[in-house]
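Protein chains in written order, with my numbering: chain A, 1 to 268; chain B, 269 to 612.
There may be inaccurate statements among the hints.
[As the list claims (entries may be wrong)] Going by beta-carbon spacing under 10 Å, a handful of chain A positions derived as facing chain B:
| hint | residue |
| --- | --- |
| 1 | Leu93 |
| 2 | Val157 |
| 3 | Tyr193 |
Note that these hints are calculated values from the structure, not bench results.
For every residue, glycine included, the Cβ atom is placed at its ideal position computed from N, Cα and C.
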Amino acid sequence: MIESRFADIGWMDALSGRDTPLRRIDPRAKLLATLGFILAVLSFPKYEVAGLLPFFLYPVVLMSIGDVPVAFVLRRLAVVAPFAVFVGMFNPLLDRQVVAGVGPWVMTGGWLSFASILLRFALTVGATLVVVAGTGIHDVCRGLGALGVPAAFTAQVLFLYRYLFVLVDDGMRMARARALRSFGGRGMGMRVYGHMLGSLLLRTMGRAERIHLAMRCRGFDGQVRTLTRLRFGFADALFLLGWSTAFVLLRCFDLPRRVGGWILGAGT
Amino acid sequence: MHMADALISPAVGGGMWVASAGLIGYCARKVRACLDDRRVPLMGVLGAFVFAAQMINFSIPGTGSSGHLGGGLLLAILLGPSAAFLTIASVLTVQALFFADGGLLALGCNIFNLGFFPCFVAYPLVYRPLVGRDPNPGRIAVAATVAAVIGLQMGAFCVVMETLLSGVSELPFGKFLLLMQPIHLAIGVVEGLVTAAVVGFVWKARPEVLDLDRAMAPDAGGLRPVLIGLLVAAVVVGGGLSWFASTHPDGLEWAMFRTAGAGELEAPADGAHGALAQVQETTALMPDYGFKAAAAEEGDAEQQPVWPAVDTGTSVAGLVGGGLTLAAAFLIGWLLKRRRQAKA
Numbered sequence: 001m002i003e004s005r006f007a008d009i010g011w012m013d014a015l016s017g018r019d020t021p022l023r024r025i026d027p028r029a030k031l032l033a034t035l036g037f038i039l040a041v042l043s044f045p046k047y048e049v050a051g052l053l054p055f056f057l058y059p060v061v062l063m064s065i066g067d068v069p070v071a072f073v074l075r076r077l078a079v080v081a082p083f084a085v086f087v088g089m090f091n092p093l094l095d096r097q098v099v100a101g102v103g104p105w106v107m108t109g110g111w112l113s114f115a116s117i118l119l120r121f122a123l124t125v126g127a128t129l130v131v132v133a134g135t136g137i138h139d140v141c142r143g144l145g146a147l148g149v150p151a152a153f154t155a156q157v158l159f160l161y162r163y164l165f166v167l168v169d170d171g172m173r174m175a176r177a178r179a180l181r182s183f184g185g186r187g188m189g190m191r192v193y194g195h196m197l198g199s200l201l202l203r204t205m206g207r208a209e210r211i212h213l214a215m216r217c218r219g220f221d222g223q224v225r226t227l228t229r230l231r232f233g234f235a236d237a238l239f240l241l242g243w244s245t246a247f248v249l250l251r252c253f254d255l256p257r258r259v260g261g262w263i264l265g266a267g268t
Numbered sequence: 269m270h271m272a273d274a275l276i277s278p279a280v281g282g283g284m285w286v287a288s289a290g291l292i293g294y295c296a297r298k299v300r301a302c303l304d305d306r307r308v309p310l311m312g313v314l315g316a317f318v319f320a321a322q323m324i325n326f327s328i329p330g331t332g333s334s335g336h337l338g339g340g341l342l343l344a345i346l347l348g349p350s351a352a353f354l355t356i357a358s359v360l361t362v363q364a365l366f367f368a369d370g371g372l373l374a375l376g377c378n379i380f381n382l383g384f385f386p387c388f389v390a391y392p393l394v395y396r397p398l399v400g401r402d403p404n405p406g407r408i409a410v411a412a413t414v415a416a417v418i419g420l421q422m423g424a425f426c427v428v429m430e431t432l433l434s435g436v437s438e439l440p441f442g443k444f445l446l447l448m449q450p451i452h453l454a455i456g457v458v459e460g461l462v463t464a465a466v467v468g469f470v471w472k473a474r475p476e477v478l479d480l481d482r483a484m485a486p487d488a489g490g491l492r493p494v495l496i497g498l499l500v501a502a503v504v505v506g507g508g509l510s511w512f513a514s515t516h517p518d519g520l521e522w523a524m525f526r527t528a529g530a531g532e533l534e535a536p537a538d539g540a541h542g543a544l545a546q547v548q549e550t551t552a553l554m555p556d557y558g559f560k561a562a563a564a565e566e567g568d569a570e571q572q573p574v575w576p577a578v579d580t581g582t583s584v585a586g587l588v589g590g591g592l593t594l595a596a597a598f599l600i601g602w603l604l605k606r607r608r609q610a611k612a
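Starting from the given sequences, assemble the full structure and let the hints guide the process.
The following block contains the structure:
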């Protein structure tokens with residue numbers, strides 16, 4: 001199960017390596033547009049359901065131009081859903097105010113706000129996943145750096161990401177070795193765990209020292225340099241402006257209710 | 269205890285972003301100032317170590333459950349506050365971006381809850397004084413456990429406050445607090461014992477590693493009080509803003525709890541009252557209006573007029589329109605994909 005989590009991000013890494021229209025957009029434009037998206041979605045009042053639906057346009061369009069498989073996003077959503085469901089499921093129990101009823105069916109405020117939480121969750125997490133899968137860690141970090149995040153922090157994220165796979169493999173091997181030598185749960189307790197992590201830690205620090213020496217040999221002076229430059233072109237500005245305008249409009253004008261009212265009005 | 273985007277309001281998320289961004293800027297300056305580039309790969313690799321450590325579980329005797337290391341306090345002990353804070357922030361950033369644990373807007377909250385307290389409170393103010401100049405395994409164990417418990421309790425309290433100020437979840441303050449604090453007491457004890465076991469092992473095998481913090485960083489000072497003041501201001505402003513910005517009266521509800529005492533109002537809601545509510549729900553087709561009022565009379569009185577007027581007509585229109593726009597969104601996505609495939 002945990003290994004599959006890492007298989008997933010390995011896969012995400014491969015996804016972000018491809019050249020897609022989404023990939024070619026400047027990471028700053030993508031990050032800012034996504035932040036605007038999240039702010040717009042979360043600024044709705046807590047009983048809003050219908051108004052949130054048009055916002056699916058953003059992740060869906062990005063998924064298409066970034067060639068991100070729907071199944072991948074849905075699977076990741078399912079893995080992280082429990083927390084939002086756990087906190088949200090108290091709403092139907094605590095808020096029993098009836099807001100609408102059709103025949104024997106009643107809708108309470110709690111169920112409405114629970115649905116709203118689930119929608120917010122799917123929108124924000126989905127959009128973030130799609131953008132990251134269509135951008136890649138290197139561009140995300142360069143974009144963050146260009147937006148003013150300290151270089152010490154972006155270098156740290158890049159380093160962590162680079163060694164994540166190595167150390168996770170190391171840790172998994174140790175865990176497997178321990179499991180193979182354990183009978184009836186012996187040796188699975190905290191004592192062995194502490195020693196195991198301790199030696200993994202010492203190995204990790206030894207590794208850091210070797211990496212540092214190797215980097216010094218190649219002229220490292222505390223700065224991580226990259227060859228390519230970011231360019232914020234016309235298309236990027238258009239992407240950012242277009243989406244921001246769309247979010248503001250969707251937030252301020254209740255599109256679903258207007259469309260629905262118009263349709264129902266035309267029908268009668 | 270990762271906060272999720274779906275549960276916070278923009279004002280709370282933004283306020284915590286400001287706080288965490290300020291801390292990251294401050295820590296980055298401190299780390300750079302110490303001019304030891306050995307630290308760059310060390311911090312990166314230790315961040316990856318925390319990931320690896322979180323994957324390995326151990327069984328907790330007598331409970332049938334298992335636990336794992338959180339790592340905040342361990343990083344603070346190994347790297348010192350500033351470098352550890354940056355490392356924790358990077359771990360949480362990778363978790364938010366690649367694992368969708370927490371979210372982009374909630375990242376500020378998560379960095380603050382899980383980074384600030386172990387690095388700037390539990391380690392310097394609890395662990396260091398308790399361990400003293402001359403550590404031994406017993407002192408390490410006691411200091412790590414106490415520090416981990418205090419750090420996690422504060423973090424859990426922050427989670428409750430942020431959820432409350434956001435007003436998306438219905439969980440009342442007292443009940444949520446009673447849910448979170450004991451859970452995190454248990455988690456804190458486990459975290460402290462594991463941290464103590466790892467630090468104890470390292471102390472026996474290579475004691476010089478534990479002096480890394482003092483060797484590499486001159487003790488923080490000067491700017492710190494100013495910065496912490498700014499941070500508190502940011503949090504207060506963020507919290508206050510969300511209070512006024514929210515269209516629904518959760519702030520009032522909170523004020524009500526504070527003035528009337530959470531305990532007295534809480535009691536009926538979860539015991540017999542909760543069970544009765546269940547019975548009522550199953551026996552009656554229409555749960556009656558006055559029911560919730562018994563639990564929170566004053567709250568409802570104030571809630572009623574602020575409630576957005578929902579009548580069935582507009583909701584149906586909303587649902588129909590929402591469904592249509594949703595369909596349109598997916599259609600656009602599908603068309604775009606078709607066009608791209610046709611081109612390729």
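Evaluated hints:
no. : hint   : result
1   : Leu93  : 8 Å, holds
2   : Val157 : 5 Å, holds
3   : Tyr193 : 4 Å, holds
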